[in-house]
Amino acid sequence: MASIIENDMGCPSGQDTGLDLARQSSGASRSINYIDFVQTRADGTHSLNLMVSGVHCAGCVAKIERNISALDGVQFARMNLSTLRLTIHWTGAKNKADQIANLLSSLGYGTQPFDIELQPLGTKKQLSKLLKAMAVAGFASANIMLLSVGVWASSGEMTDSQQTLMHWISALIAIPVVAYSGRVFFASAWQALKNRTTNMDVPISLALILACALSLYETINKNPDTYFDAAVMLCFLLLIGRYLDMRLRLRTGESAQRLAAMQAHSANLILPDGSIKSVRTSQVKPGDLLLIAAGENVPVDGQIKQGISEVDASIATGEALPQHAKPGDKVYSGMINIGAPLQIEALAVSEDSFLSEISKMVEAGEQKKSRYVKIADKAAKAYVPIVHSLALLTFLGWLMVGGEIRTAMINAIAVLIITCPCALGLAVPAVQIVAAGRLFKKGVLIRSGDALERLAKIDNIIFDKTGTLTLGRLALANGKDISKDQLESAAKLARASTHPKARAVARAAGKGPLAKDIKEIPGKGLQAIIDGKSVKFGSGSWCGVKRENDMRNMAWLKIGTRKPVMFEFKDRIRGDSLHVIEQLKDRGYELELLSGDTVEMARTVAQDLGIQKWAGEVSPKDKLARLGQLQEQGLFPMMVGDGINDAPALAAATASASPATAAMVTRASSDIILLGDDLEGLPVVLEVAQKAQQRVKENLGLAVVYNILAVPLAVFGFVNPLIAAIAMSLSSLLVTLNALRMRVTKPERRPTT
Amino acid sequence: MNSLLWLIPIAIVLGLIGLAGFFWTIRNDQYEDPEGDAARILHSEDKPL
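Chains A and B, in that order, give the protein sequences.
Quick note: the first sequence, position 418, residue 418 per this note's numbering, numbers continuous.
Quick note: the second sequence, position 3, residue 3 per this note's numbering, numbers continuous.
By construction, these hints were calculated from the structure, which means they are not laboratory data.
As the structure is a computational prediction, the values presented were derived from the model and not from experiment.
Ideal Cβ positions, reconstructed from N, Cα and C, are used throughout, including at glycine.
Any given hint could be a false lead.
Stated by the list, open to error - Covered stretches of chain B (chain A as the covering partner; in silico rule of three or more C-beta atoms under 8 Å from a C-beta of chain A): (1) 5-14; (2) 18-24.
Unchecked claim - Selected chain A positions facing chain B (in silico; Cβ < 7 Å): (3) 61; (4) 77; (5) 81; (6) 82; (7) 135; (8) 143.
Only chain A is shown next, with the shape it has when bound in the complex (with noise of 0.2 Å):
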């Protein structure tokens, strides 16, 4: 049955797409560690959680959830597509991670790890107690509404007593569920009062209280009109607005904890007399002469005293190519020496190093952006004391005009109760669900309601270069030159290896056999025996190479005593990076290119790509002066990059984004992630954020008009509890539904594949 189905449904695009991601992630240049992701579980069995791209259908759930459990101790897998996210529980080494990463890749998915903490389960439970507080309030509001129609629809035929028992049996169920479904609002205002401050569900629970109170007292005094239904309604549809706004955050909240987990716990010390002694990071001081083995990373900011290496600095500058690393140059805490041993000074202690750093910038950038007011608390800023002098107002003017201290009362509750902000509540969160929901569709997360209103701020955007405009990973650029032979002998040895370069050069040739006893020389390259000749595949200067021919950006293979044949590697632009760039700057957005990549690099690509404003060699603090300048200046920056490098100015910019494929840090600092292998979604989003923006407005905006109308009624009396109930729901209703226009929008054109 199942296979059936799968190939019946098949998936439009996915495949692709899919596979290209997981080729990049799989990629040495930022190869990722998943065992550093893998939990342990109380049971003592594994857990780990993956953020998997490329799945659309139900072929795609079956096929992952049944080729990860045929897997030897895999006891749970499940995949969400909701959330795009894949739970598996195993038994046994914790090293399967990689198997399983792998084997998705195999079967054509992109994957990243994806913290569990990033969801905390605090935050679970909070959302299941709104969700159980909203269905309690449904329910009631159900059953009070129906008993209140009678009531109203009797019109005389019901007598006073009937009608005193109708009351009292609202009272029975209303009393008891606003106690418990409005706990909310009454947390949240009291907390508010406390700080001596005012928020929305101030009014809010003085509606419900005040309401709920004066009802019992009319019905004890067996008096007509009682508000019950209107209280339980209006904490019904308020709790819809509350949960919406829930569930929008809850979708892909990160945390920014694992830059730490990037910094080396420990050192090697190397002490005077030449022995080495394992130390923790945070003893190493300024002087002290540390060892760097061959893939470990740099514990603290330092200087190379001896030997000459390769390091991967892509978490200083994004760059996708290692650097030479020799004495005299400087290295950074979080680089990863991939050659030979490096002895280093070390300059700075682990809490002054460039990681620290980072973490101390991304840090004061999100204080600053958590600071951001959101629309509907602005809303509520003017809404709150105007609603409560007009309803004081009320009630003074009732008494002076003479009349009963009940009769003002209740004209005062009913000002509350009507322009209780039920539209307001709802206006922003069923904008916000729905455009996210859209934009999933196409591939966009999104972290939370308030980044869509400021994304429909942004003018300006900057773009980082390696890993968003470019891939990231190293291609084999002169493939035309080599024959095929020479690319297999060369993959051969290649495929054993985790160098960019090495990967390029497998990703190149396509799978295929490893030659038998390969040896990787550190520095150097990879050596083997094929077919009773020597092949080698390395830098060029171990290949004999002249220096004047040889360039960073080229290996080189030599067999036997044969001249070497050169193999160059580039960067590539992304698949819709020029398609995307046009389509921006039509819409007149401001378009700069700041990289920590070589001058010469970043001005190659802004010529490729048409973007005039651009820096090379731009450090992440010069990153984050250039975001401050402009917001100085009044304008609305947004950052998009990918490296860890990026970080600070994408938690600092008015709105920021990254692909999928960025460094788990990167992705926690920005407001949306992009899924797939290209910025496709980039347009999209300011446009639906834009869209959405204007909607929220409309909202508000229906939210007033409405009070403009009701208001007078209330203040002056006429408002009953049943024209209570009904300009109640009528105006949530309306907000509602032009929020789900949101939804119906013209057909788009589809990226081909």
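Fit chain B to the known structure of chain A by using the hints.
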């Protein structure tokens, strides 16, 4: 009037049954992955309930 005395409790009890059912769906994590569950129904092995 007499009919109301037993119809109202019936209405409320029916509502409560529905509410209990909803609570069960929450505890059963049925709102975790609505899209995935919609897809999964095609594949899951038939099991006696």
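Hints, one by one, checked against the model:
Given as covered by chain A, the segment 5-14 of chain B passes the check, having 3 residues with a CB less than 8 Å from a CB of that chain where 3 are the minimum. Using a Cβ-Cβ cut-off of 8 Å, 4 residues of the segment 18-24 of chain B lie near chain A, which meets the minimum of three, so the contact claim holds. Evaluation of the residue 61 of chain A hint against chain B yields a held restraint, the C-beta minimum of about 5 Å falling below 7 Å. Given the 7 Å rule on beta carbons, the hint for residue 77 of chain A is violated: about 12 Å separates it from the nearest Cβ of chain B.
A least Cβ separation of about 3 Å between residue 81 of chain A and chain B falls short of the 7 Å threshold, and the interface hint therefore holds. For the restraint placing residue 82 of chain A at the interface with chain B, the shortest Cβ-Cβ distance is roughly 5 Å, inside the 7 Å limit, so the hint holds. Contact between residue 135 of chain A and chain B, as hinted, is supported at the beta carbon level, the nearest pair being about 5 Å apart and thus within 7 Å. For residue 143 of chain A, the shortest C-beta to C-beta distance to chain B is roughly 5 Å, which falls under 7 Å, so the interface hint holds.
Taken one by one, the earlier hints fail for this structure only at number 4.
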